[in-house]
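**Q** Using the sequences and the accompanying hints, generate a full structural model.
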Amino acid sequence: MEVEEPSQVTRSRADSESDNEDNEEPAGPHHLRNMAAFFILGTINNLFYVVVNSGNQVIVQNFTGEHTNARDMSLQMVVMWANIGLGIVARGASFVFEGISFNTRVIVCGLISLLGLFGIGTLGEYPEMCIPAIACIGFACTLGESTLVAYVRKHQPALVGGWSSGTGVAGVLGTSLFIAFKAMKLSVSAIFLLQTPLILLYYFAFFWMIKPDPKPSALSAHRGSVTQGERDSSPYRLMNCASESSVTKRSRRSWAGDGDVEAHDGGAGAGAAAPSPSGRYMECLRLVWWIALQIGLVYLLEYVIQTVFALQANTAPNNCDGHLTVTEWFECNAYETLSWCYQVGVLISRSSLSIVKIKRVGVLTFLQFILSIVWFFIAWKHIVGVWPQFALMICVGLMGGASYVNCFYVILKDKRISKENKEPCVNIAALAINIGVLASCGISTFFAEIVFK
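Going by numbering that gives the first Met the number 0, the first residue of the sequence shown is number 0, and it counts up by one from there.
A couple of the hints might just be wrong.
In silico DMTMM-like links for lysine to aspartate or glutamate, alpha-carbon gap of 25 angstroms or less [what the hints assert, rightly or not]:
1) Lys-414 with Glu-97
2) Lys-210 with Glu-127
3) Lys-452 with Glu-282
4) Lys-181 with Glu-330
5) Lys-210 with Glu-448
6) Lys-380 with Glu-327
Quick caveat, the hints were computed from the structure, so don't treat them as lab data. Predicted, not measured: the structure shown is a model, and the values here were computed from it.
**A** Here it is as structure tokens:
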């Protein structure tokens, strides 16, 4: 009698969950050095983007030359669209650039960032010139994120924690720097030109600090020898050795051509031709659509909260000059302080991967949805002052940062996704972020121009 074997997908999913929980790859000799490098890269990659978002009002004021127009919602939406609008293009470019070396892509990202910083620094008073420069900042940030998170696949998935911590620090550092520069009464030109030397540190971290650890195939072989006895005792192994052997042979083929042993999702017969690019992307979408949906929704909600809801919730006092109490000062600087609180939450949660890993990322989306409802009523009815708002905005950042780091970690650790498919899967999830942020601009405009009018 022939015994029916459970489906390949069922076993792959079970193996994936088991591997995600129990089989962490051992740290290589360069682990700490590489972790520091990805931390620096994450910090610099996102810093310029954060400074633009934090300085949204001041940039608009620099356009108009009048303080009364600094809160012009329409112009602020234009600046935000410029900073994130080309993100969709950059995500699409990430799919096209798969065949281009990571070294070349990193050089291009640095040069585009430099172009944006010089553009804002020298032409910041002219919207028709400054807006394209802001778009360069957003494009470089998005392309850099897709490139460097995908580059983690050449090392260990845990290194995404270093990258995520760096992006979290970029949020706090960028917002803090802007508040400090504003207090020092530096011009928009000086604020952005002072950041240009950081491009050298960006290149230094990538080209000098990152060192390859022993090949993952060697570590995998070692782990395989340890668990071979267990696998031999498995009824599935005894029932279908030939099937497993064919999967193993297929797993040694790599579209990337790097020769590493890789785990494929299975489902194709032995000797089957490699899927077409469209088939490959559809397979990646099938594997990560749920995670991409969650991270996209979290970003949509948090950007609506920290833009239109945060702006509408606070009306600055008529007189913000002269002697102010502590509360009055924070009321006058509520928008910048709320941005800082959001980034603090992001920093904490993006740095938490080594302590806690959250597999059910949908819970984070649900909690962010609850927070968005609370913030809507705060903006609509002005029911609380600035101090409770600061605490609530930290919670918004906690949800967003936790979703970011855990979603990417789950993708990088998923054994159903072959190594050469990690990059397109990461790009799909990252594309969902940009779609969510772009959708938030439309929703924010709806609330600003219709609901809160």
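**Q** Each hint: holds or not?
**A** Right, here's what the structure says about each hint:
1. Lys-414 with Glu-97: holds (21 angstroms)
2. Lys-210 with Glu-127: Violated: Lys-210 and Glu-127 sit about 43 angstroms apart, past 25 angstroms.
3. Lys-452 with Glu-282: Between Lys-452 and Glu-282 the Cα gap is close to 45 angstroms, so the pair fails against 25 angstroms, i.e. violated.
4. Lys-181 with Glu-330: The given pair, whose Cα atoms are some 16 angstroms apart, holds under the 25 angstroms limit.
5. Lys-210 with Glu-448: Distance ~51 angstroms between Lys-210 and Glu-448 Cα, so the pair is violated.
6. Lys-380 with Glu-327: holds (20 angstroms)
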